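Participant: Chains as they are written, first to last, in the working numbering: chain Z, 18 to 130; chain X, 8 to 120.
Among the clues, some could well be false.
Stated by the list, open to error - Not close to chain X: a few residues of chain Z, all C-beta gaps over 10 Å, as computed:
{"hint": "1", "residue": "Asn44"}
{"hint": "2", "residue": "Pro51"}
{"hint": "3", "residue": "Gly58"}
{"hint": "4", "residue": "Lys59"}
{"hint": "5", "residue": "Leu63"}
{"hint": "6", "residue": "Glu76"}
{"hint": "7", "residue": "Gly77"}
{"hint": "8", "residue": "Ser82"}
{"hint": "9", "residue": "Ser110"}
{"hint": "10", "residue": "Lys117"}
{"hint": "11", "residue": "Leu118"}
{"hint": "12", "residue": "Ile119"}
{"hint": "13", "residue": "Ser122"}
Claimed, not checked - Facing chain X, from chain Z, some residues (calculated, C-beta under 8 Å):
{"hint": "14", "residue": "Ala46"}
{"hint": "15", "residue": "Tyr49"}
{"hint": "16", "residue": "Phe56"}
{"hint": "17", "residue": "Ala62"}
{"hint": "18", "residue": "Phe83"}
{"hint": "19", "residue": "Gly121"}
{"hint": "20", "residue": "Gly123"}
{"hint": "21", "residue": "Pro130"}
Hints listed in this document are in silico derivations from the structure and should not be mistaken for laboratory results.
No experiment lies behind these values; they were computed from the predicted model shown.
Where is the CB? At the ideal position from N, CA and C, for every residue including glycine.
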Amino acid sequence: QQQVKQSPQSLIVQKGGISIINCAYENTAFDYFPWYQQFPGKGPALLIAIRPDVSEKKEGRFTISFNKSAKQFSLHIMDSQPGDSATYFCAASTMDSSYKLIFGSGTRLLVRP
Amino acid sequence: ETGVTQSPTHLIKTRGQQVTLRCSSQSGHNTVSWYQQALGQGPQFIFQYYREEENGRGNFPPRFSGLQFPNYSSELNVNALELDDSALYLCASSNQRGPYEQYFGPGTRLTVT
């Protein structure tokens, strides 16, 4: 119940294309869903986050789509650039889970020039 | 504004030894969380400190302990090191309790031989 399942494990996209990464969860008490971007040798960086009271949130080229009934959320990267090549993690949390932020297993994105 | 810093960058220890990792939180942040990230995996929550008190703990044994100081910097101590403790240890700070708006440091790479 505490897991967040992330797919795909890896993704190759051409420059200018749309990258889509999906996550699914079971715990309906989760109320905070952030996405993190991690480059090799660096810590994760917060990209964008959503709460379950909205179905979509957009920040620049990054959009989170949230489907509460399906218990799924996804990250869309529009106009993908080679500089977006990194590992992306979804995560989820609830104030009832001892403030634990639970991460997915990650998606390694490669954007080809 | 200074970001989250961690020391040391890399560390090699022998099984059975003890290790202390250090984290300086971002200016203005009063909450520090520690995570363990095994190679190719998402970070796993160890514990969180808010205003010098432990505020939540993940599924890690008691040999993982921590401390937060009045200036909100923090230490992670691991006793009786095991080979499986080899990982990247990440510190994240925020200006509120809970999983929200966490900003990660670059991590400490611990290798246990």
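Participant: Against this structure, judge whether each hint is valid.
Facilitator: Hints versus structure:
no.: 1; hint: Asn44; result: holds (13 Å)
no.: 2; hint: Pro51; result: violated (8 Å)
no.: 3; hint: Gly58; result: violated (7 Å)
no.: 4; hint: Lys59; result: violated (6 Å)
no.: 5; hint: Leu63; result: violated (7 Å)
no.: 6; hint: Glu76; result: holds (14 Å)
no.: 7; hint: Gly77; result: holds (18 Å)
no.: 8; hint: Ser82; result: holds (20 Å)
no.: 9; hint: Ser110; result: violated (4 Å)
no.: 10; hint: Lys117; result: violated (4 Å)
no.: 11; hint: Leu118; result: violated (4 Å)
no.: 12; hint: Ile119; result: violated (7 Å)
no.: 13; hint: Ser122; result: violated (5 Å)
no.: 14; hint: Ala46; result: violated (13 Å)
no.: 15; hint: Tyr49; result: holds (6 Å)
no.: 16; hint: Phe56; result: violated (10 Å)
no.: 17; hint: Ala62; result: holds (7 Å)
no.: 18; hint: Phe83; result: violated (16 Å)
no.: 19; hint: Gly121; result: holds (6 Å)
no.: 20; hint: Gly123; result: holds (5 Å)
no.: 21; hint: Pro130; result: violated (25 Å)
The structure fails to meet hints 2, 3, 4, 5, 9, 10, 11, 12, 13, 14, 16, 18 and 21 from the earlier list, while all remaining hints are met.
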